[in-house]
Amino acid sequence: PALGLFLFTIARDPLRIIILIAGAFFWLVSLLLSSLIWFIAVKASDPRDEPLQKGLLIFGVMFSVLLQEAFRFLYYKLLRKAIEGLVALSEDGCSPISIQQMAYVAGVGFGLMSGAFSMINLLADALGPGTVGIHGDSQLYFLTSAFMTMVLIFLHTFWGILFFHGCEHRRWWEIMAVVVMHLAVSGSTFCNPLYVGSLVPSYLLMAAAATWAYLLSGGSAQNLRRFLLCKS
Amino acid sequence: PITFMNNSDPPPPPPPPPPPLMSAESPPVPPPPPPPPPPPAGEAQAHRAPPPPPPPPPPPGIMIDKRRTGSSRSPNNIADGDMSASGVPAREGALENEEEELTLKYGAKHVIMLFVPVTLCMIVVVATIKSVRFYTEKNGQLIYTPFSEDTPSVGQRLLNSVLNTIIMISVIVVMTVFLVLLYKYRCYKFIHGWLILSSLMLLFLFTYIYLGEVLKMYNVAMDYPTLFLVIWNFGAVGMICIHWKGPLQLQQAYLIMISALMALVFIKYLPEWSAWVILGAISIYDLMAVLCPKGPLRMLVETAQERNEPIFPALIYSSAMMWTVGMAKPDTAARGASQQTWDAAEDGRENHRSPLHADSQMSETRSPGPTRPITSFEELEEEERGVKLGLGDFIFYSVLVGKAAATASGDWNTTLACFVAILIGLCLTLLLLAVFKKALPALPISITFGLVFYFSTDNLVRPFMDTLASHQLYI
Chain A
265 PALGLFLFTI ARDPLRIIIL IAGAFFWLVS LLLSSLIWFI AVKASDPRDE
315 PLQKGLLIFG VMFSVLLQEA FRFLYYKLLR KAIEGLVALS EDGCSPISIQ
365 QMAYVAGVGF GLMSGAFSMI NLLADALGPG TVGIHGDSQL YFLTSAFMTM
415 VLIFLHTFWG ILFFHGCEHR RWWEIMAVVV MHLAVSGSTF CNPLYVGSLV
465 PSYLLMAAAA TWAYLLSGGS AQNLRRFLLC KS
Chain B
148 PITFMNNSDP PPPPPPPPPP LMSAESPPVP PPPPPPPPPP AGEAQAHRAP
198 PPPPPPPPPP GIMIDKRRTG SSRSPNNIAD GDMSASGVPA REGALENEEE
248 ELTLKYGAKH VIMLFVPVTL CMIVVVATIK SVRFYTEKNG QLIYTPFSED
298 TPSVGQRLLN SVLNTIIMIS VIVVMTVFLV LLYKYRCYKF IHGWLILSSL
348 MLLFLFTYIY LGEVLKMYNV AMDYPTLFLV IWNFGAVGMI CIHWKGPLQL
398 QQAYLIMISA LMALVFIKYL PEWSAWVILG AISIYDLMAV LCPKGPLRML
448 VETAQERNEP IFPALIYSSA MMWTVGMAKP DTAARGASQQ TWDAAEDGRE
498 NHRSPLHADS QMSETRSPGP TRPITSFEEL EEEERGVKLG LGDFIFYSVL
548 VGKAAATASG DWNTTLACFV AILIGLCLTL LLLAVFKKAL PALPISITFG
598 LVFYFSTDNL VRPFMDTLAS HQLYI
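So the protein lines, in turn, are chains A and B.
To convert, count from 1 in the first sequence and add 264; that's the numbering used here.
To convert, count from 1 in the second sequence and add 147; that's the numbering used here.
Honestly, I wouldn't trust all of these hints.
Some but not every residue of chain A turned toward chain B, in silico, with C-beta under 10 Å [stated by the list, open to error]: (1) Phe289; (2) Ser298; (3) Gly324; (4) Ser328; (5) Met377; (6) Leu479.
Residues from chain A that keep clear of chain B, each with C-beta distances beyond 10 Å, as calculated [what the hints assert, rightly or not]: (7) Phe303; (8) Glu432; (9) Arg435; (10) Val443; (11) Val464.
Don't read these hints as lab results, they were simulated from the structure.
Keep in mind the model is a prediction, meaning the values are calculated, not measured.
Idealized CB from N, CA, C, for every residue including glycine.
Whole structure, please, built from the sequences with the hints as guidance.
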């Protein structure tokens, strides 16, 4: 689905592609920094201490979430500056791309990158021989990973929209809500392999974020009904 | 050991047209390889003759091809022999402002026009590396990197790789200077013959090896006559496309393919550490060669600019090129003459975004091109932008990503990270090109990002992601 999003909405406009790649880049940098921190923490600690490792992992995850959001903010700042430049350069005085579109594209960029990083090794291994869950792990590993990745990509997209909207209108509570949601989703994955604990809340949160973003982008129930019934 | 004649020339920076990055390396044509020493016994590839030295890598560099004359930007006269300033004096003033905006407005489009071929090249290289095992087996080294890396101690290995790099870089420098001298003293025939020879070799020999390996990998039988036919067709069409006329897309496809082949050769035959050190060193060299006043690439670009000639077509990838045109004269006779030499792609000119036709051969470009009727100036204004990227850039980007795919234990994550890093580097370089408006080296920023991301992803991110994935945590 994320790829479909990309193809239909982003691939047409070169500017959006650049923003997408830049968004992916920012996510990557945030991942880099967070893994650096985690790596240092792990090296500095005792590798045989299991609970400590787990605790460090949790700490690493939380820290990474916070860093991701921080980088989203930085990216927002950069895009603001870029919009001013684009407006100055365009012929008719208005930017060729609006901040909401940028928010959407940035969200997709983040999402795609995070999804890719989560899934791609899995996919590569899935091509090879083997049985899933032979060591007593869950047999639904691949399926749940796929669903989780998809929900995460969508969530990133929606969070992008919400986040940028919050920054635009200076509503700090929106930004905080995004951060809290992200933390919640990541935290819920700690319940794995008890999948009901992680997938269900994530999907619920995604539905909530989707409606919120949709309303923010100017949609309404009326629009939705008209679209679904294919009215003009 | 297999001997290779490796001509890698740092791409000469193309003359600074509107701020696209053009670092073109002119690949020196490799001299005929000396007969390879007999391969060591027991080598799987013992029967295979060492591939001939690769032709000199095309110069790295990005150049924007902007065909406006009298624009505020430096005239772009390299690839398209655009209309000289005398042609359209009256329109210059009005056009200048428009140009500024249009250039930057089209900037995104150009970036994408460069993204796509770079991405394609990298995809081809990565796909090959991942599937065909031939390119990751170590079967010897190039003659340019004589020091082996199989030494036991780290320090020795490092020393060897540094020495390898020094040798390789000096070879590149010598070749580039040689090429520039030839160009300066107008030994065009020699250069031309050299380029033809090298592209011949690339197209035929490397394709043969590549096809052989792919067929072997997938256990597909193919008899020699079919193989010969296929390769002959491929090579012949390629020669025509690259050095003469041909549809733009086909030319681009061929350039991408030979860059990928060249990159594969590099990946196979460069030892590990040497490859990384070489990548780093060549970006430094590129930086110096393009930006220093006495740098060979810069001299090449400036000379080409002075003489109002395009750079050799076999060394540059151009996203949108135009037939060479001379002065613009508003007469119908000129229109008739120009119509002949223009390609059918010219019909696409009505559509402002259509890519222009590829440049023709050197000889064609050197003679005064067909004149262009002045009335068509306006409609051609917006079409003549193109961005030129030297083939050497393609090659080294692909080498980086291919090496990441081949040797990284983090597999696809590292490859993906390097890919994004290179694309971002390209974006930044193009941005700088927009700011500085002269030929810029395309290698340094991208390669730096790529290297940083490769090493950091491989060592830092991979353990993190692996641990996360094993617990199925998501961040």
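Structure-based check of all given hints:
With its C-beta approaching chain B no nearer than about 5 Å, Phe289(A) sits inside the 10 Å limit, and its interface hint holds. At its closest, the beta carbon of Ser298(A) sits 7 Å from a beta carbon of chain B; the interface hint therefore holds under the 10 Å criterion. The interface hint given for Gly324(A) is met, as the beta carbon of that residue sits about 7 Å from the closest beta carbon of chain B, less than 10 Å. Interface hint status for Ser328(A): upheld, as the beta-carbon distance to the closest one in chain B is roughly 4 Å, under 10 Å.
Interface restraint check for Met377(A): the shortest CB-CB distance to chain B comes to about 7 Å, inside 10 Å, so the restraint holds. The criterion of a C-beta within 10 Å of any C-beta in chain B is not met by Leu479(A), whose closest approach is roughly 26 Å, and the hint is violated. Residue placement check: Phe303(A) does not keep its beta carbon more than 10 Å from all beta carbons of chain B (closest about 5 Å). The non-interface label for Glu432(A) is consistent with chain B: the shortest C-beta to C-beta separation is roughly 23 Å, beyond 10 Å.
For Arg435(A), the requirement that its beta carbon stay farther than 10 Å from each beta carbon of chain B is met, with the minimum near 25 Å. No beta-carbon of chain B comes within 10 Å of the beta-carbon of Val443(A); the shortest separation is about 13 Å. Consistency note on Val464(A): stated as away from chain B, and its beta-carbon is indeed over 10 Å from all of that chain's, at 14 Å minimum.
Against the hints set out earlier in the document, violations occur for numbers 6 and 7.
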